[in-house]
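Model the placement of chains B and C on the given structure of chain A, informed by the hints.
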Amino acid sequence: MTNKKMALIVYSGTIDKLLSVLILSSAAISMDFEVHMYFTFWGLTLLKKGEMDKSGLPSDYKHLENQLKEKLKQMKYPAPYEMLRRLKESGKLKIYACTPTMEMFGITKNDLIPEVDTFAGAATFLDVAEDSKISMMI
Amino acid sequence: MTNKKMALIVYSGTIDKLLSVLILSSAAISMDFEVHMYFTFWGLTLLKKGEMDKSGLPSDYKHLENQLKEKLKQMKYPAPYEMLRRLKESGKLKIYACTPTMEMFGITKNDLIPEVDTFAGAATFLDVAEDSKISMMI
Amino acid sequence: MTNKKMALIVYSGTIDKLLSVLILSSAAISMDFEVHMYFTFWGLTLLKKGEMDKSGLPSDYKHLENQLKEKLKQMKYPAPYEMLRRLKESGKLKIYACTPTMEMFGITKNDLIPEVDTFAGAATFLDVAEDSKISMMI
Chain A
1 MTNKKMALIV YSGTIDKLLS VLILSSAAIS MDFEVHMYFT FWGLTLLKKG
51 EMDKSGLPSD YKHLENQLKE KLKQMKYPAP YEMLRRLKES GKLKIYACTP
101 TMEMFGITKN DLIPEVDTFA GAATFLDVAE DSKISMMI
Chain B
1 MTNKKMALIV YSGTIDKLLS VLILSSAAIS MDFEVHMYFT FWGLTLLKKG
51 EMDKSGLPSD YKHLENQLKE KLKQMKYPAP YEMLRRLKES GKLKIYACTP
101 TMEMFGITKN DLIPEVDTFA GAATFLDVAE DSKISMMI
Chain C
1 MTNKKMALIV YSGTIDKLLS VLILSSAAIS MDFEVHMYFT FWGLTLLKKG
51 EMDKSGLPSD YKHLENQLKE KLKQMKYPAP YEMLRRLKES GKLKIYACTP
101 TMEMFGITKN DLIPEVDTFA GAATFLDVAE DSKISMMI
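Chains as they are written, first to last, in this note's numbering: chain A, 1 to 138; chain B, 1 to 138; chain C, 1 to 138.
Here chain A stands alone, though its shape is the one from the complex (with noise of 0.2 Å):
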């Protein structure tokens, strides 16, 4: 049985990508999903303690980032982080940090943000996916 779950794995170090995950993650809250954000690869340093509001485009798009950034403000959306804290204050939303990826980067717990829930491997995701109705990678 699936239930009112979607499962992501937040692979993306870059902006455009975050934002997709937050705004995706936003909607489905609104709409009563549990959200579960496993964060590997470039994804994973996202999460390292300042990290996520530095984060820009792809090389293919990098003209494009100072003007992207300041139209984010204009339409008032939150910095990356704060979007993401104010979806964690719902209750709904675990965020998961890739175990083999802080290892092969040698990343420790202190370096990652306090709203990690889980430190752990892909097995724990799929346990997650195969009970949730969406899970993608992004």
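Rather than coming from a laboratory, the hints here were simulated on the basis of the structure. Just so it is clear, the structure is predicted and the values come from calculations on it, not from any experiment. What you were told as hints is all true, and nothing was included just to trick you.
Which copy? The list can't say, so a pair holds if one copy fits it or any two copies do.
Here are the simulated BS3-like cross-link-like pairs (lysine-lysine), alpha carbons at most 25 Å apart as the crow flies:
1) K69 with K48
2) K62 with K48
3) K133 with K94
4) K54 with K76
Just chains B and C, lined up with the frame of chain A:
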């Protein structure tokens, strides 16, 4: 309950990913799936009039672009926009344009091709995805 | 009805995404999932004999490539092709090569590693995906 639907987030703006969307959707429609394409971020820009057939490869693969386009012609693939229109004629394809992206990029309804069915935010996509057998981000 | 299957579209040709495919699949197989990998587009090129272990990082992260490969050795990860072969030995992995991509890139069956089980188009993947608990594009 899930139905014979496929829900795709068309996130990317390059022809390699667009071809995957179109070829996968063509197979799905021939298998009697309903296909729902939600165009967002760089993908949304493909819906601007005249843009879809101008899409190219990302810079890492740019050197292969002419060769790929030549080969597609030899293989008698129609241009991407024509492929989309043929899928639309099946009556089994629904196209969504992401409204937050439109605002972010200053794109209006009149800028977009007439095949767009619905202008909507992420919640509309999630409504469809949660009821779909297959949902993926491309 | 969905079964304990995971269906992955292996779209990318770089080692970061390939590692995600292999590590995720390894976890899935140890949890008794059947794993179905459909290699398409840049991913398909990884199936060419000798290519998988030559894959590197995309240009945005190229400067980290040597460091990552060194670290993987320290962590005792086998080379990617060896990882794939071990997963294959479990009897729970099925590998598909996308035939339209083969034609697009002028690749023949003889060019590919012997672990490929099936040469097929997107419809074959969709058949599996619609019956899978988890399906993702990587």
